Structures are given as C-alpha cells and as structure tokens.
Amino acid sequence: MKHLLSAVLLALSSPALAADPAQLSDTEIAHVAYTADNIDIRYAHLALAISDNPEVRQFARTMISDHEAVNAAALELLDKLGAQATDNFLSQKLNEDAEDIIDLLSQLRGAEFDLAYAENELGYHQAVNDLVETTFIPNIDNAEVKALFEQGLEIFKVHEGHAENMVAALK
Amino acid sequence: MILKRRQFLACSGAALAVPARAHDKSFTVVIRSFSFEVPESELHPTDKVTFVNHDIAAHTASAIDGSWDTGILEKGESITLTIAQGWIGDFYCVFHPNMTGTLLIGSL
Numbered sequence: 000m001k002h003l004l005s006a007v008l009l010a011l012s013s014p015a016l017a018a019d020p021a022q023l024s025d026t027e028i029a030h031v032a033y034t035a036d037n038i039d040i041r042y043a044h045l046a047l048a049i050s051d052n053p054e055v056r057q058f059a060r061t062m063i064s065d066h067e068a069v070n071a072a073a074l075e076l077l078d079k080l081g082a083q084a085t086d087n088f089l090s091q092k093l094n095e096d097a098e099d100i101i102d103l104l105s106q107l108r109g110a111e112f113d114l115a116y117a118e119n120e121l122g123y124h125q126a127v128n129d130l131v132e133t134t135f136i137p138n139i140d141n142a143e144v145k146a147l148f149e150q151g152l153e154i155f156k157v158h159e160g161h162a163e164n165m166v167a168a169l170k
Numbered sequence: 000m001i002l003k004r005r006q007f008l009a010c011s012g013a014a015l016a017v018p019a020r021a022h023d024k025s026f027t028v029v030i031r032s033f034s035f036e037v038p039e040s041e042l043h044p045t046d047k048v049t050f051v052n053h054d055i056a057a058h059t060a061s062a063i064d065g066s067w068d069t070g071i072l073e074k075g076e077s078i079t080l081t082i083a084q085g086w087i088g089d090f091y092c093v094f095h096p097n098m099t100g101t102l103l104i105g106s107l
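Chains as they are written, first to last, in numbering that gives the first Met the number 0: chain A, 0 to 170; chain B, 0 to 107.
Keep in mind the hints are simulated off the structure, nothing from the lab. Just so it is clear, the structure is predicted and the values come from calculations on it, not from any experiment. Please note that a few of the clues may not be correct.
Here are the simulated EDC-like cross-link-like pairs (lysine to aspartate or glutamate), alpha carbons at most 16 Å apart as the crow flies [as the list claims (entries may be wrong)]:
id : chain 1 : residue 1 : chain 2 : residue 2
1  : A       : Lys-156   : A       : Glu-132
2  : A       : Lys-145   : A       : Glu-27
3  : B       : Lys-74    : A       : Glu-67
4  : B       : Lys-74    : A       : Glu-75
5  : A       : Lys-170   : A       : Glu-111
6  : A       : Lys-170   : A       : Glu-54
Work out the full structure: start from the sequences and follow the hints.
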C-alpha cells in the first residue's frame with residue numbers, strides 16, 4: 000500500500016519552498032490555519048463518501064465539526080480585529096499537495112481506504128501540530144490570535160490522539 | 000374515641016402534610032478544555048443538571064447505555080436535564096470518545 004504523506008509534510012519538505020514559514024505575518028498564519036482546516040474538512044467529506052467503517056465515519060464527522068468551529072472562531076476574531084486572512088506561499092503549497100493526496104485516497108476502497116485515511120490523518124495532525132507549536136505560536140504578534148492558536152492546538156492534539164487510536168484499531 | 004372537630008382537622012392535616020423534598024436540586028457540569036467538570040455530590044431523580052460548553056469545539060454528554068443525552072452543544076450553549084429514575088452515571092462525548100465523565104446518581 001502506497002504510503003501517504005500529509006499535505007503539510009509534503010509542503011515543508013519541498014525543495015521549492017524558498018520562503019520561511021517563521022516569517023509569515025499574523026494574517027498569513029491565520030490563512031494557513033484556515034487552509035489547513037479546510038483541507039482536513041475535505042479529507043473528512045471524502046471519508047464519509049467512501050468509508051463504511053463506523054469509527055472512521057465518526058472521526059470524520061468530528062473533524063468536520065471541530066475544524067469548522069475553529070474556522071468560525073478565527074473568522075470571528077479577524078472580523079473583530081478588522082483584518083483579513085492573507086494568502087501566501089505555504090497555503091498555496093498545502094492546497095497543491097492536498098490535491099495529490101485526495102487523488103490517491105479517492106482511488107482506494109474498503110479497509111485499504113480506511114487505513115490510508117487514518118494514517119494520513121495521524122501524519123497530518125502531527126505535522127500541523129508541530130508547525131503550530133514550534134513555528135506559528137512563537138511568532139504570532141497579536142495576543143488574541145496567539146490565544147486562539149493555543150486553543151486550536153489543544154483541539155488538534157486531541158485529534159492526533161484520536162487518529163493514533165484509530166490507526167491502531169485498523170491495523 | 001370520637002375526636003372533636005378541631006382535633007380531627009389537626010390530625011388530618013398532619014397526615015396529609017408532605018415531607019420537605021430532599022431533592023429537586025440544581026447542579027452544573029462545566030465542559031472546558033475537553034474535560035467534564037462534574038459535581039462531587041450525589042444526584043437523585045428530579046434533580047436538574049445543566050451542561051454548559053465553554054470550548055470552541057462542539058461536544059455532547061451521552062450516557063454510555065443511551066439512557067440520556069444532551070445532544071450537540073456548540074460553543075457557549077447549555078442544556079438542563081432532569082435526572083430520571085434508571086439513568087446511568089457514566090457518560091462520554093460522541094465527538095471525542097476519550098472525553099468521559101461520571102455523575103454520581105443515587106435512587107429517589
């Protein structure tokens with residue numbers, strides 16, 4: 000079975016990545032987070048379209064619920080601050096790489112899909128959590144944006160644990 | 000013995016008097032940082048328990064045997080349930096299965 004790399008891992012390991020994620024502004028970081036959330040929501044919808052496994056389906060519903068909630072909170076905060084999320088190289092790379100992963104996942108069925116989806120979710124959350132914790136949070140200037148990211152990280156770490164359990168159960 | 004009318008009414012009133020209810024109390028379960036902050040006291044049927052969600056993520060509090068369920072609580076939402084006879088105390092969040100709690104539910 001082909002090993003899938005999460006969109007974040009692909010993006011960060013690309014030699015074409017000339018810019019440094021640590022140099023992104025607060026509004027660009029917000030855009031990356033929004034993009035990362037939307038990518039996971041897309042993966043979840045794919046899982047609901049393909050998987051019959053109850054645990055995988057419930058995990059996918061949780062991803063949709065939680066990532067939509069984080070996005071709503073982020074948009075509310077940006078609105079309050081009078082700011083808009085700014086597109087950037089990392090968001091674009093994440094989206095490009097996510098297309099490749101969706102192409103791979105959508106060709107799979109049954110238990111093969113379930114395990115591939117679960118492993119991708121684990122890798123994706125590990126990579127996103129590392130990016131948020133070590134690169135984004137230390138470099139965010141606005142205290143409210145930083146607090147929101149800290150709350151988001153708490154949620155995504157729960158997802159990482161949930162994905163880990165899901166992978167173990169499917170192997 | 001034939002009671003006088005005043006004595007009869009006093010006895011009847013005493014017999015019909017309802018003892019003060021020990022229950023019908025209100026409790027709160029705060030949902031915060033993916034955990035349930037539950038009351039330490041014992042709850043009983045007819046007591047009310049309010050679940051309030053302070054997280055960004057939506058949660059549920061769902062009895063493990065299906066006997067009760069708050070339904071989905073979005074950020075900031077709350078719901079008050081009245082404890083019924085037969086309810087089990089162990090519950091979890093449907094979205095986040097590792098998130099569990101226990102209400103100490105006694106009998107009526």
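Cross-check of the supplied hints:
1. A:Lys-156 with A:Glu-132: Roughly 10 Å between the alpha carbons, so the hint for Lys-156 of chain A and Glu-132 of chain A holds.
2. A:Lys-145 with A:Glu-27: holds, 13 Å
3. B:Lys-74 with A:Glu-67: holds, 12 Å
4. B:Lys-74 with A:Glu-75: holds, 13 Å
5. A:Lys-170 with A:Glu-111: This hinted pair holds, its Cα atoms lying about 10 Å apart.
6. A:Lys-170 with A:Glu-54: holds, 13 Å
Checked against the numbered hints listed earlier, the structure breaks none of them; every hint is satisfied.
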